[in-house]
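*Asks:* Add chain B to chain A, keeping to what the hints say.
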Amino acid sequence: MKYFFICFTFIIFSALDLIANKYTISGHITDESGEELIGATIYVKSLKTGSTTNAYGFYSLTIPENDYQIIYSYVGYEPQVKNVKLNQNLKINVVLKEKSRTLDEVVITASRKDANVTKAEMSTMKIQAKEIKKIPAFMGEVDVLKAIQLMPGVQSASEGSSGFNVRGGSADQNLILLDEATVYNASHLMGFFSVFNNDAIKDVKLYKGDIPAAYGGRLSSLLDIRMKDGNNKKFKANGGIGTVSSRLTIESPIVKEKGSFIISGRRSYADLMLMFSSDKEVRKNQLYFYDLNLKGNYKINEKDRIYLSWYMGRDVFDYDDLFGFSWGNKTFTLRWNHLFSDKLFSNFSVIISDYDYELGQSSAEQGFKWTSNLNDIKFKADYTYYPNTRNTIRFGVSGTMHHFNPGLAKGVGSETIYNELKMPESNALEWAGYLSDQWKPNEKIIVNIGLRGTIFQNMGESTVYHFDENYQKTDSTAYESGEIYNTFWGLEPRVNFRYSLNNHSSIKGSYARTKQFIQLASNSTAGSPLDIWVPSSPNINPQKADQFALGYFRNFFEDALETSVEAYYKDMDNQIDFRDHAQLLLNPEIEGEFRTGYAWSYGLEFLIRKQTGKFTGWVSYTLSKAERKIPEINQGKVYPASYDKPHSIAIVASYEFSKKLNAAVNWVYSSGNPVTFPLGRYEYGNMIVPIYSNRNEYRLPDYHRMDVSVTYKFGVDKTRGLRSELNLSIYNIYNRKNTWMLLFSQDEENPNATIAEKVYLFPILPSITYNFYF
Amino acid sequence: MKRTFLVYIFIFSMSFFSCTEKVDIELDSTYERVVIEGNLTNEYKNHQVKISRSADYFANKPAEPITGADVSITDGTSNFELTEIDPGLYETEEMVGIPGQTYTLNITIDDKKYSASDYMHTCPPIDSIGFKRFKMDSNYIALIIFAQEPSEETNYYAWKAYRNDTLVTDTLNEVFISDDTFINGNYINGTEVQYIKAKKDDLITLEMLSITQPYYDFITKIMLETDWDGGPFDGPPANFYGNISNEALGFFAVYSVERKTAIISEP
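Residue numbers (this note's numbering), protein chains in the order written: chain A, 192 to 965; chain B, 113 to 379.
Source of the hints: derived by calculation from the structure; they are not laboratory data.
Just so you know, not all the hints are guaranteed correct.
[Said to hold, decoys possible] Stretch by stretch, here's where chain B covers chain A in the computed footprint (C-beta under 8 Å, at least three residues): (1) 765–779; (2) 868–877; (3) 881–894; (4) 944–958.
Built from N, CA and C at the ideal position, the CB exists for glycine as well.
Bound-form chain A, shown alone:
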């Protein structure tokens, strides 16, 4: 069926090509250090059309034989104009120079200034690592995931958490990719920091709904993070020393201008953090995390390039000598770009992802050890075909094998009395194929139409439990290694369009269907590293979502000010929740704890953004609602999702006083999380036991906070040698004690009385970071 569709497309568009002789201009656009620029623009003035570079900096443009003036640009860089006499296929590689730092040009952002109006894609937000650096950082740690949480439609799961909710979706419905490898737990330290070292990152793009057909597997968003490739012209180093961690990054060419590598490392210091605790017990603990990113690339010839990306990170926690807990991710991607022709770009990848955790009680006689891990190996082939300026066709296939080892606990030590407890292991195969076309029939309209097909299969060796209608285990079936015992499949159409009203404004709309085959069995607001990923199975149907979005985009002052308003509606099926008092830890019958039903969300997102000039930043406001209806939860009545926050505001601003001095501020506001309150009480066993309201019937107090930061640069005028900067950040500058949780308990002093206490996390927290560059 797919092949028929490809042939059909070829025939139609080949026919159109017969009208005139056409030739292809293609190549790569990079910056001066050799970093490929993603989403740079190639514009042919006389034809009023053009193209953009893909994730590897490659572009291809097929236009009729003629003389042209072609403009290559990327905001923040000096544009280049090339006069081209096109009478044969041409290879034009372009190196763009960063705009020299004058007082007028400040912020460097990713795409052509009016891209938000002209590109068809909507519900996306792109941010460069350099822009992320400007946002006041929590404890001085510049963080990708914290920056994402400031965008409209995105909410932080809870204070300090790296988990985020996009348009009423749960935190496990975000596909987080680091150079195409899935990162299963992107949090360090309960989520206060993410696993992404900003120094190793080039580009981050968040798709909130309009997810391209090439991607799938999660319902609510795609966070596509690309690592830097490394300077391929000369050796460079940079790093920083901060309140929480220190970093060092080294980049260098392997063969000048043909290949390069980058190594980035970061480690936190336990002591400094624990110093903030007034509790003596806490100071006996050991707590640290580290990240190591490595990437290498090599240009074999004009048609072939290879890339190798590797990441490893870990969190370690030791309580005195009694108890230890550690967790971490590892990812590995090997990619080969191959140009079959000037018009057909392809990429082949092998990707490995691994997440594991381990905890134990290390008594010599009666110890205990509990491990869990999840790993994937994936093969992927992606093609982009640029037949003419009106069409860009993308297609590809992928196959993933998931291995789940949810939990194994056993006694260790000479006199152990503990038996072994093992949750059944299992495997799953996830196959996908997609085909999409970006069609530009005329200047005013762009349409993207795509279809993704996925197949998900459960495979042994495994044991599957069967449950009756009361969720009690009846019996179980064992499957052999390699035996496929269940198959799910689905089609996911993805469509979007952009209609230009004039040069400065447009209307965009999109529809996407997404499916998700693995979910996090998590029951708490602040996700814990002990949560496990559970695949769809004979007991759990795959999740499904349909999202509609419509938006109006308008630029002012010659594109200096971007504004947009977007409305969305999302319908979700087979959404998971857990029975009251669910037992999710080390429970082989965990599938019996799941309860599934419907969820839906809708909202309105407003954004005003200024990306150029001395003063830059954005203001975002989201008005939204997210609800669920699941039999057996809240007696089957509709209840608000735990991340339903009607109002959410973020103001992010940065001002460059001079080449040396920059200041930034951000202010966030959101409604409090929904919460279940006790309304009554009774006595049993000499204790006071609460009687609760309906689930999430009430709300915590509103949350708001302001952070500021100031950066002073030394040696700005030097072009070589050591340059450095000092950054002072203050988190929560007006010291608001935002409620993180409300606790209700018996009063220790008066056993007949109950009290309410609020738990709050971070008071005003200043931090200093010293960054240096060679």
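*Replies:* Structure of chain B alone, referenced to chain A:
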């Protein structure tokens, strides 16, 4: 044991940057419920059933008893009537529960009937008990137990402790419970099952209760909604019922008891 991990994780999670402050909050009310707390054991004594009303969350006074109820326990053949000795407190005559039997509690309050059943398991004998200084706080000692755990069925246990003939573990959150997942059929060779404040020459009695799974689940749910609540890893709070019909809260628990006594010899 799973519970110990939860305790460690709780400490871990709460010990970091969080601070706590008392706040005044106004809460709404909910309709009144009947609350029943009853116990029947294999000891020859008067067994008690307490009946009270629920109240507003910030009522801040003892629970109001329900007087004049009709309370009886049956084993299927004989019926034992309970008499009200104090407001809300009903007692049997001196009697003993037999392991292997199912007992049903029947209560009538103002024409509404409530009933609950529970089964009495046997309890394995305790061979001996011992003591260890508790690592985390030296004022406490850990009571360790030596006994053979029967392997035939899944068992659930609770442990209470007496010091110099006074019950130390008198609130439910001091009672230590466990299933036999990790120890089924094994010889329990000195596992810690209780922690109390004690010193040399104290006479300590360890009491072991063999309880049913429904009662074990009920105690777990109470703990999840009281002492164990408050970590960021908790699931959402929820109401739960015991084994009593007609939407009454509480539990009628039937269990057998074994005891062992020893004197602390070392400091």
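*Asks:* For the segment 868–877 of chain A, does the count of residues with a C-beta closer than 8 Å to a C-beta of chain B reach 3?
*Replies:* holds (count 10)
*Asks:* Establish whether the coverage given for the segment 944–958 of chain A by chain B is satisfied; the threshold is a Cβ-Cβ distance below 8 Å, and no fewer than three residues must meet it.
*Replies:* It holds: at least three residues are needed, and the segment 944–958 of chain A offers 11 whose Cβ sits within less than 8 Å of chain B.
*Asks:* Quick check: the segment 881–894 of chain A, covered by chain B? Criterion 3+ residues, Cβ under 8 Å.
*Replies:* holds (count 6)
*Asks:* Is the listed coverage of the segment 765–779 of chain A by chain B valid when you require three or more residues with a beta carbon under 8 Å from a beta carbon of that chain?
*Replies:* holds (count 7)
Violated hints are absent here; each numbered hint is respected by the structure.
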